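Participant: The residues making up each chain are set out below.
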Amino acid sequence: MSSDDIRKDSHDALRRKLLLGMAALPAAAMMPRLAFAQAPATAAINTTGLAVTDSTVKVGILHSVTGTMSISETGSVEAEKLAIQQINEMGGVLGRKIEFIQEDGASDWPTFAEKSRKLLVNDKVAAVFGCWTSASRKAVLPVFEQYNGMLYYPTFYEGLEQSKNVIYTGQEATQQILAGLDWVFKEKGAKSFYLIGSDYIWPRTSNKIARKHIEKNGFKVAGEEYFPLGHTQFNSVINKIKLTKPDVIYAIVVGGSNVAFYKQLKAAGIDLKKQTLMTISVTEDEMLGIGGENIAGAYACMKYFQSLDNPNNKAFVEAFKKMWGADSVIGDVTQAAYLGPWLWKLTVEKAGSFDIDKVAAASPGIEFKGAPEGYVRIHENHHLWSKTRIGLAKADGQFDVIHETAELMEPDPFPKGYQ
Amino acid sequence: MTRSFLTGTRGELLGVGVLALLVLLVLPLSLDVFRLNLVGKYLTYAFVAVGLVLCWGSAGILSLGQGIFFGLGGYCMAMFLKLEASNPEATKIQSTPGIPDFMDWNQLTSLPWFWEPFHSLTFSLAAVVLVPSALAFVIGVAMFKRRVGGVYFAIITQAIAAILTILIVGQQGYTGGINGITDLRTLKGWDIRTDEAKLVLYFVNAALLLGCILLCLAVRRSKLGRILVALRDKEDRVRFSGYDVANFKTFVFCLAAALAGVGGAMFTLQVGFMSPSFVGIVPSIELVIYCAVGGRLSLLGAVYGTLLVNWAKTSFSESFPELWLFAMGALFIGVVMAFPNGLAGLFQTHVVPRLDRLRGRGLPPVPGPTRMAAE
Amino acid sequence: MFDGYSLSELGSIFAMQGFAGLILFSVFVLMALGLAIIFGQMGVINMAHGEFMILGAYVTFVCSHLVGEHAPWLFPGYFFIAMALAFVASGSLGMLVEWSLIRFLYRRPLDTLLATWGLSLIMQQIFRSTFGAREVGVTLPDWLMGSLSLTDTIEVPINGLFVMALTMTISAVVYAVLFRARWGRGVRAVMQNRVMAGAVGINTEKVDRYTFGLGCGIAGVAGSAFTMVGSTGPTSGQLYIVDTFLVVVFGGAQSLIGTIASAFTISQAQSTMEFFLSGSMAKVLTLLTVVGILMLRPQGLFVLKVRR
Numbered sequence: 001m002s003s004d005d006i007r008k009d010s011h012d013a014l015r016r017k018l019l020l021g022m023a024a025l026p027a028a029a030m031m032p033r034l035a036f037a038q039a040p041a042t043a044a045i046n047t048t049g050l051a052v053t054d055s056t057v058k059v060g061i062l063h064s065v066t067g068t069m070s071i072s073e074t075g076s077v078e079a080e081k082l083a084i085q086q087i088n089e090m091g092g093v094l095g096r097k098i099e100f101i102q103e104d105g106a107s108d109w110p111t112f113a114e115k116s117r118k119l120l121v122n123d124k125v126a127a128v129f130g131c132w133t134s135a136s137r138k139a140v141l142p143v144f145e146q147y148n149g150m151l152y153y154p155t156f157y158e159g160l161e162q163s164k165n166v167i168y169t170g171q172e173a174t175q176q177i178l179a180g181l182d183w184v185f186k187e188k189g190a191k192s193f194y195l196i197g198s199d200y201i202w203p204r205t206s207n208k209i210a211r212k213h214i215e216k217n218g219f220k221v222a223g224e225e226y227f228p229l230g231h232t233q234f235n236s237v238i239n240k241i242k243l244t245k246p247d248v249i250y251a252i253v254v255g256g257s258n259v260a261f262y263k264q265l266k267a268a269g270i271d272l273k274k275q276t277l278m279t280i281s282v283t284e285d286e287m288l289g290i291g292g293e294n295i296a297g298a299y300a301c302m303k304y305f306q307s308l309d310n311p312n313n314k315a316f317v318e319a320f321k322k323m324w325g326a327d328s329v330i331g332d333v334t335q336a337a338y339l340g341p342w343l344w345k346l347t348v349e350k351a352g353s354f355d356i357d358k359v360a361a362a363s364p365g366i367e368f369k370g371a372p373e374g375y376v377r378i379h380e381n382h383h384l385w386s387k388t389r390i391g392l393a394k395a396d397g398q399f400d401v402i403h404e405t406a407e408l409m410e411p412d413p414f415p416k417g418y419q
Numbered sequence: 001m002t003r004s005f006l007t008g009t010r011g012e013l014l015g016v017g018v019l020a021l022l023v024l025l026v027l028p029l030s031l032d033v034f035r036l037n038l039v040g041k042y043l044t045y046a047f048v049a050v051g052l053v054l055c056w057g058s059a060g061i062l063s064l065g066q067g068i069f070f071g072l073g074g075y076c077m078a079m080f081l082k083l084e085a086s087n088p089e090a091t092k093i094q095s096t097p098g099i100p101d102f103m104d105w106n107q108l109t110s111l112p113w114f115w116e117p118f119h120s121l122t123f124s125l126a127a128v129v130l131v132p133s134a135l136a137f138v139i140g141v142a143m144f145k146r147r148v149g150g151v152y153f154a155i156i157t158q159a160i161a162a163i164l165t166i167l168i169v170g171q172q173g174y175t176g177g178i179n180g181i182t183d184l185r186t187l188k189g190w191d192i193r194t195d196e197a198k199l200v201l202y203f204v205n206a207a208l209l210l211g212c213i214l215l216c217l218a219v220r221r222s223k224l225g226r227i228l229v230a231l232r233d234k235e236d237r238v239r240f241s242g243y244d245v246a247n248f249k250t251f252v253f254c255l256a257a258a259l260a261g262v263g264g265a266m267f268t269l270q271v272g273f274m275s276p277s278f279v280g281i282v283p284s285i286e287l288v289i290y291c292a293v294g295g296r297l298s299l300l301g302a303v304y305g306t307l308l309v310n311w312a313k314t315s316f317s318e319s320f321p322e323l324w325l326f327a328m329g330a331l332f333i334g335v336v337m338a339f340p341n342g343l344a345g346l347f348q349t350h351v352v353p354r355l356d357r358l359r360g361r362g363l364p365p366v367p368g369p370t371r372m373a374a375e
Numbered sequence: 001m002f003d004g005y006s007l008s009e010l011g012s013i014f015a016m017q018g019f020a021g022l023i024l025f026s027v028f029v030l031m032a033l034g035l036a037i038i039f040g041q042m043g044v045i046n047m048a049h050g051e052f053m054i055l056g057a058y059v060t061f062v063c064s065h066l067v068g069e070h071a072p073w074l075f076p077g078y079f080f081i082a083m084a085l086a087f088v089a090s091g092s093l094g095m096l097v098e099w100s101l102i103r104f105l106y107r108r109p110l111d112t113l114l115a116t117w118g119l120s121l122i123m124q125q126i127f128r129s130t131f132g133a134r135e136v137g138v139t140l141p142d143w144l145m146g147s148l149s150l151t152d153t154i155e156v157p158i159n160g161l162f163v164m165a166l167t168m169t170i171s172a173v174v175y176a177v178l179f180r181a182r183w184g185r186g187v188r189a190v191m192q193n194r195v196m197a198g199a200v201g202i203n204t205e206k207v208d209r210y211t212f213g214l215g216c217g218i219a220g221v222a223g224s225a226f227t228m229v230g231s232t233g234p235t236s237g238q239l240y241i242v243d244t245f246l247v248v249v250f251g252g253a254q255s256l257i258g259t260i261a262s263a264f265t266i267s268q269a270q271s272t273m274e275f276f277l278s279g280s281m282a283k284v285l286t287l288l289t290v291v292g293i294l295m296l297r298p299q300g301l302f303v304l305k306v307r308r
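Residue numbers (UniProt numbering), protein chains in the order written: chain A, 1 to 419; chain B, 1 to 375; chain C, 1 to 308.
Derived by calculation from the structure, the hints in this document are not laboratory data. Hints are not guaranteed to be accurate.
Claimed, not checked - Label pairs and their in silico Cβ distance ranges:
hint	chain 1	residue 1	chain 2	residue 2	range
1	B	Ala312	A	Ser55	35 to 41 Å
2	A	Lys274	B	Lys145	53 to 59 Å
3	B	Trp113	A	Asp182	37 to 43 Å
4	B	Ile93	A	Ser55	14 to 20 Å
This one's a predicted model, so the numbers in the text were calculated from it and none came from an experiment. Just so it is clear, CB atoms sit at the ideal spot from N, CA and C, and this is done for glycine as well.
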């Protein structure tokens with residue numbers, strides 16, 4: 001769509017909006033279609049010129065479909081499309097059908113910034129579901145703050161951020177780390193830890209929190225190592241692990257390095273059934289590449305696993321497989337991405353408006369009882385209250401959920417004492 | 001080939017004039033601010049492509065590490081802007097106010113020494129040019145004095161790009177790590193994120209680019225430029241004629257690095273952040289292809305090549321994301337196999353003769369979009 | 001860091017560390033051998049080398065699936081078939097590429113770099129369209145995963161031994177082919193003086209095609225072997241390219257012995273530094289050292305005097 005078309009569209013929308021502002025109330029009351037019977041007037045629920053008409057509302061999906069990150073982001077796109085379809089089947093949001101505009105971030109951060117500007121300025125979308133890496137989120141954040149957009153960000157990440165314009169549907173670092181460590185302290189009697197990660201901000205920040213927590217509890221960090229992204233040779237560090245004999249290997253390795261790390265660990269004779277390994281970077285998605293037999297016996301600390309046993313999740317997994325094929329797997333982030341459109345719908349309906357300011361203000365306290373992970377609630381800091389779960393990796397590529405926290409964990413993006 | 005009215009100094013200036021008309025008048029009038037900002041971003045890559053024409057096309061030195069210099073220039077600018085954005089007022093929630101946010105997260109309690117001078121705009125602007133050229137000088141002297149050239153030079157620059165990326169990503173307390181330096185707001189109090197600012201920056205950028213092209217044209221016209229061509233074609237003969245080949249090569253490599261640095265700084269200003277993803281191997285090779293598509297011998301061609309490839313990238317990846325890599329790959333192969341002189345070559349062989357003929361029939365001269373240097 | 005360890009423990013750690021270095025060495029040689037032939041002998045810069053390796057890896061992946069489904073009894077031995085097929089697949093693709101692309105560019109080595117980079121992009125996208133963007137997991141026969149316990153504390157990974165044996169075999173075969181067989185004489189003759197070689201009746205075009213095919217085929221076998229230690233995805237090939245080129249250049253481009261020596265030096269340096277420093281710094285230091293030495297000694301470790 002050229003920019004001229006878009007301009008024309010928004011003019012039309014404006015004109016229609018003005019006309020409808022006068023006529024909408026009686027018209028809506030007389031409307032025969034049931035689903036749209038309660039639809040409030042567009043002028044009343046959209047005062048800032050977003051792309052909302054009487055029957056539709058536009059949202060954006062912004063992920064990498066090409067480039068290196070497409071491996072990870074595909075699942076999120078699929079989940080978001082599924083959620084949007086389901087919401088539309090239920091009658092949409094405030095009686096309006098959701099239409100999405102998908103843009104490709106191409107694994108390139110300026111492209112993310114550029115496309116988010118297009119979505120907000122040209123397309124005037126009411127919300128954007130997207131981004132995966134921290135770098136892409138950091139690149140779009142100023143754009144969302146400048147043009148006052150709403151971003152639903154699905155990935156578990158390092159924290160240290162909070163914005164009026166972002167809802168973080170994944171876990172910040174403490175939610176993923178603390179409960180998992182407490183569990184190994186207690187269940188495994190672990191006293192020494194070897195921290196290993198890929199060399200960038202998320203593993204480093206996460207390991208920093210893990211180290212503080214381990215040392216606070218009087219235990220020992222036997223070693224801490226980082227490797228460049230894409231590193232594939234881990235024999236030396238595996239020898240160091242053998243030398244220091246830690247009770248727990250705490251691994252936050254990502255991407256292609258992940259595959260190499262677990263294969264070499266197994267080949268070096270470290271049996272994960274005897275050596276405790278805990279990771280926060282392996283979901284069902286990564287298991288596909290690593291191969292279940294190479295990582296069976298490891299513990300992953302997440303908020304969601306595909307094998308989670310509850311009615312919400314059964315329905316979700318079934319719908320997902322129906323839409324995207326029986327072979328598809330669902331990881332933690334994919335589920336978090338699925339939450340985005342639903343939380344947005346609930347928030348808009350609570351606020352009774354698509355206006356970004358009202359949605360942002362109405363967000364804290366929003367509850368989603370139909371979440372596949374169980375139940376989530378949005379905190380004042382725009383992160384989610386959610387449970388931490390521990391899964392035991394199995395050779396078939398799935399996890400056994402062996403532990404979950406009794407209470408929802410409070411999100412704390414700026415954890416005192418862990419910085 | 002008979003001499004066309006489009007060759008020689010007059011033709012070159014005509015070409016620059018047409019380009020100026022395009023980027024300063026036609027594009028701003030026909031595009032909205034959003035698209036214009038994109039063009040502005042592409043034009044920052046053109047700085048690198050122009051540098052590559054001098055360094056690769058004229059002097060035969062293929063550097064696969066121009067991303068290094070683009071990145072360094074960009075980081076120098078970003079460091080200044082970040083320091084301005086992290087004034088004690090804006091960062092008062094941090095445990096150490098007044099330092100960039102990512103440093104605070106990495107437990108730095110004071111500004112590292114090499115960040116200090118970037119409080120000064122003058123220093124930063126100088127650094128944008130000087131830091132890349134200084135690194136280029138070190139690499140150039142080390143390599144060219146020992147007569148390393150061609151393929152070896154390409155591979156070593158590539159390795160340096162890899163090293164720098166790992167360093168920037170790894171030293172996140174000092175560099176912002178993989179996220180880069182983000183959330184840049186103002187330049188001496190002037191908000192660079194507004195539409196007006198973007199418009200102004202676009203014109204500054206375009207004017208700088210035109211200035212750089214004129215500078216490069218002058219270099220090529222000079223005796224120095226002729227020596228460069230000579231040493232590309234027969235390095236030994238130039239050496240035997242008593243010239244110190246290494247000095248000339250180092251100079252042109254430094255010049256290309258400085259241009260790339262300027263491009264990087266303009267990129268930071270227009271896009272609002274800088275990250276290590278522009279430093280690595282892949283972007284560096286992409287920069288080379290911009291230059292190759294435009295025609296490695298033509299300064300103006302490089303600009304058009306950059307614009308064309310990036311425009312194709314944006315529109316292709318919007319409509320057919322899967323096909324984009326195929327198209328890009330085919331472009332690489334096609335340019336090398338069928339059009340080694342790129343757009344400029346096509347223009348020279350197909351358009352110029354027609355224009356000459358038109359002119360011969362007494363019609364007024366039609367300015368062409370580009371020309372190829374065929375001296 | 002050595003406090004509190006007994007002498008025997010330290011001894012066994014050093015033994016294992018030495019072994020880790022040897023595995024890394026084998027991996028480097030395997031990566032670089034194909035490239036050394038193509039770059040060193042023919043002067044072609046094949047930026048798609050990593051993609052030829054990944055082609056081999058995908059062939060192995062397909063094999064593991066087919067064998068697992070249709071002939072499970074063959075599974076323990078399928079890896080050998082897969083490697084042979086990987087060689088054939090990458091080798092024939094290499095010959096096709098030489099015929100359609102490379103042979104026009106022998107006089108323009110820098111242009112081969114650009115053209116093969118384009119080729120690598122196309123291959124990546126083909127992988128992505130065929131096998132999906134996600135990494136694939138290659139199932140290995142059980143006997144390849146696991147380790148041998150030499151003593152109580154010294155354990156040797158079997159796939160490491162396998163890679164080492166493979167490297168030695170391939171190096172020996174390459175040596176025999178290039179330096180003992182008639183065909184190898186032809187290759188060396190063409191490399192040293194193309195015109196003269198043509199004049200004495202060597203079909204230089206054919207030699208070029210087969211040499212390129214051989215180099216790509218070896219890359220395919222390497223990729224197949226790396227499914228044991230690394231990842232297989234559309235863009236995995238790019239991870240190898242810098243290391244591989246540095247190994248070849250550092251060794252001295254025209255010398256196969258040089259490639260092996262440089263692989264040994266770099267791997268030992270890297271694995272030792274990784275043990276004492278953190279991973280990222282070790283990598284940076286290794287690369288810096290190599291670049292530094294190359295600046296001092298641009299011709300690489302070993303030089304073959306060739307009149308051009």
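Participant: Evaluate each hint against the coordinates.
Facilitator: Consistency of the hints with the structure:
no., hint, result
1, B/Ala312 with A/Ser55: 35 to 41 Å, "holds, 36 Å"
2, A/Lys274 with B/Lys145: 53 to 59 Å, "holds, 58 Å"
3, B/Trp113 with A/Asp182: 37 to 43 Å, "holds, 41 Å"
4, B/Ile93 with A/Ser55: 14 to 20 Å, "violated, 44 Å"
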